[in-house]
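Read top to bottom, the protein sequences are chains A and B.
Heads up: the first sequence runs through residues 1 to 171, numbered per the working numbering.
Heads up: the second sequence runs through residues 1 to 408, numbered per the working numbering.
Treat the hints loosely; a few may be bogus.
[Stated by the list, open to error] According to the in silico footprint, chain A covers these stretches of chain B (three or more CB under 8 angstroms from chain A): (1) 47 to 57; (2) 73 to 82; (3) 154 to 160.
[Claimed, not checked] Take a look, some chain B residues computed to stay more than 12 angstroms from chain A by CB distance: (4) N5; (5) R100; (6) R249.
I should point out that these hints are in silico values taken from the structure, not numbers from a laboratory.
All values reported here derive from a predicted model rather than from experimental measurement.
Glycine residues also receive a C-beta, built at the ideal position from the N, C-alpha and C atoms.
Listed below are the residues making up each chain.
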Amino acid sequence: MGFLQKLINKARVKSPYVFHFNSGSCNGCDIEILAALMPRLDLERFGVKLVGSPRHADIMLITGPVTEQIRPRLQRIYEQMAEPKFVVAVGSCACSGGVFRGGYNVLGGVDQAIPVTAYIPGCPPKPTAITFGAYKLLEVLSKAFGVAEKKEKEEVPFDITAAQSEGVAET
Amino acid sequence: MSTGNRKTVTPPRVTIPIGPQHPALKEPGMFKLTIEGERIVDAEVNIGYNHRGIEKLAESKTHLQVLYLAERICGICSATHNGNYAQAVEMAAEVEIPERAKFIRTLTWELERIHSHILWLGVAFHEVGFDTAFMYSWRDREIVMDMLEDLSGNRVNYSMNTIGGVRRNVSEELRSSLLTRLDKLEERMIYYRDVAIQEKTFWNRVDGVGVLETSVARATGAVGPTARGSNVPVDVRFNDPTQAYVHLRDSGEFEMILSERCDVAGRAIVRVVETIESIKMCRWLLQNLPDGPIRERVRPRVQPNEVLARYEAPRGEVVHYLVTNGTDKPERWKVRAPTHANWVSMRHTLIGNYLADAPIILAAIDPCFSCTDRVTIVDTDDNLIESVPLDIMRVRANKWYRQNGGKF
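For reference, chain B alone in the conformation it holds in the complex (with noise of 0.2 angstroms):
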């Protein structure tokens, strides 16, 4: 046979959308994902099913009612939305919480930073086809979800901190069992982390996979495990401490945690290795619980102000932005949540990967959508998509103004 006619044959590029019903996604979000035979070229995301606006629902509510609607942002990471709302207020309102409040609210945050990491750990193990170590890890995560009920009433959305401290004290009892249940936990998050390790049924899936190198970690952005995952030492509770991370920072005990290897391997790493250390910090935390008050009274009206408050979440860096004007109520509140740092970096780690591997790739970032959705505009008028550099988009904005007069 001659070798004059062969013809290459390029597989033909075809869409496939995973979404906004998905079984392998837990909450609706859509992506678009083009691929070339088994490779994925290019990847696009589409979100904003979840959009439920509560940033203006907000402003028609009073502090201590956005606090309970600040926690239903997302119900993975309850207390950390609800006590960054609180920091924020207090820091807007300039007054200082007791010292055990401080360190009860610390606590609540680690013992969910400990769940949601389990939680993910459980769905990674699923997302590789490995449901027994799905259904174990998801059996042990009882424990933390038990400390958390006794801890504050509720196993989800745990309404602990309110405007000036926290609503329920820890008893003498209660410190003795936690301190008990953490060892039990401490026990088998090793053995996760030997089977995550050692385990080859996990291991292979993982090895190699989502690459995000560590510049393009710093391009795009990235926050929390999958900055750390590529060695971008980002970690709000040691670059800037509040609360009782001060005081965990200043003994010197905990150290951030961070892999080189820059894919889901290590990012699935860095999070079984952090959830250890956040149990040793809650033990800390419990072993040198300050005496005192848990609440400082604080005026329902806050003087006019303007603030920032940050907090390492379990996905990553979690910011408030809050103005308040004098009144009960806030006049703007702006939440920036980790998983939308992290959507720009999940479109590099998808390129090039075999299509299989997209669900631990989307994965590996623990996306949150309820964190995340917020309003776009976009044009569906032509299917053209065109990047518009920003000085472009300037020139045009400011044309628009002209032929408008400001109004809108």
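Chain A with its partners taken away, still in its complex shape (with noise of 0.2 angstroms):
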């Protein structure tokens, strides 16, 4: 990898812009989405940006289940979006189709339309789930690009097992 693109890839991951598609959602996503860029939680820290184009993006957030009439709004959208692209589905709906499962105008999980990225489960999930999510979707696409930091300290694994059966002990 040459040194400017690996400076582009530095960059990518520093100052990700994201864009935001409803697709057929009850707001209940979007306003704890917006609520995650809002003061308290201030996603914006990460370099996080919510742009209004599908063409200065680089992830879409959606929510909702695909309904019908949105599908080839959908695909055209997320045609438009300029490479790498990447999708983030937020909320039930947006994973599997949610409580709309089923219904005769919807697809059921933005997956049947467009592929996806990273799912972040919940109905809503709470603005620090949807923080937590895009900061793990950072670490991963700072790993894809080989621009990862290097760690000083090995990280410990999480043993759920024994921290279990810490909390067993306990009580």
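Please dock the two separately framed chains into a single complex, following the hints provided.
Following this line, the structure appears as structure tokens:
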């Protein structure tokens, strides 16, 4: 990888522009995405910025089960995004269809229409969960681009069985 | 230069499509604005991107399951649909729920109104380019979101109601903590009221914009703050109260908020003052919370009945029409959401305004597409738009039925 390419990739991870698309959501996830960008959690401190046009965006946040009428528009907007592009499905509806699964007018999940990179479940996911999801995606991206920061300390893997046995011992 | 050959140049008519994806819209909807220069001469609303077939889906679910489906009609006014459906089933089953349950249900509704109105105020600030106040109001909205989370366990989609009462009780500690946070919230809301009225950045953008006269508001059947901003006294909480609103009205401490301004500023004032009134209502409800059980048992099978449940949602009157058939599933369920009633007046408010004012006028009715989208059948073979009077339509319909023998 050339120096310039490495610089571009580093910049990409440091300031991802996100774009929000509503594919038939109930607004619950949309206001929680906004709440994640608002002063309390402030997703912008990771360099994440909400933009209005798909042509400016690196990441598309999609909420809602995809309805039949919005599907062609969603696919068209996905095609308009510049490479490399990533899609995050926010909320249970976007992940699997949620309560609307089985309805005559919904596809049930964004992955039925376009490829999805990450899923954030919850109905709606809390702003903290959205922030965590965005942060995880950035980690994965930096690894994929080969620009992950070298860790000074070796990360201790979280042992769930040990944690559970400790919890049992306490109670 | 002679004035004889001077030509009057009329700016060409241009149709600008806004949506279905547009930065000014948080939800998919499409508006075709025909403009002449900078003035809007015609507006057409094209919605349906959000149609999910909820009413049909509900017919295959039990009443208790529909309660959670109803909640997901709209994430901003989730307690509205949830509570109103519970109310409709209770009416159909002819049961009376305990007093304490009524108070807690009303408390959730009023807290939701506060959060929805602050959200609207922030969005309105954003639409006129006043982003500082947008950030401030959303920061203070977190107070009421925390209150709702402590009360119900979730920030959005509270699932507070169940058929026959509410799911969670309000403890004594929670009650006192809610009361202290209401004081903080009231202080902040009074500040935002002054900002909205005195700050020129906001006021000059909404003063005299998007006028909806009282007569037009009545004729087009506007509801909620859109109608009250045009001095039409419609508010189900006072006109036809249910649940604890009966006690709130009888206490005589609260009044319907009206504005005679008829423009976007009027609608903004109604919403801001209504939020302060809602905070007072919440305080009254918490101070007069009766003791007793919070839930009445209701048989899952509801006898055949036909009911109409009304409630004043943050955006206006919401109507749930429910037909039960003796099983545990609804026979037919129809939701009339407030935005649906406000679309008709929307066209009138847009015409004659500047294109630059379109976002704030669209935002002024607080549109909620997810509540509104319905199926309509449009013939797209030719682009001819014709308006058909009702009697001719009836004649045509009868003719069609004769030819087709009533077969669908």
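Status of each hint after checking the structure:
Counting residues of the stretch 47 to 57 of chain B whose C-beta sits closer than 8 angstroms to any C-beta of chain A gives 9, which meets the bar of three, so the coverage hint holds. Coverage of the stretch 73 to 82 of chain B by chain A holds [criterion: at least 3 residues with CB-CB distance below 8 angstroms; count 5]. Given a C-beta distance limit of less than 8 angstroms, the hint that chain A covers the stretch 154 to 160 of chain B holds, as 3 residues qualify and 3 suffice. Remark: the non-interface label on B/N5 is consistent with the geometry, its nearest Cβ contact in chain A lying 45 angstroms away (cut-off 12 angstroms).
The non-interface label for B/R100 is consistent with chain A: the shortest C-beta to C-beta separation is roughly 28 angstroms, beyond 12 angstroms. No beta-carbon of chain A is positioned within 12 angstroms of the beta-carbon of B/R249; the least distance is around 30 angstroms.
In this structure, every one of the numbered hints holds.
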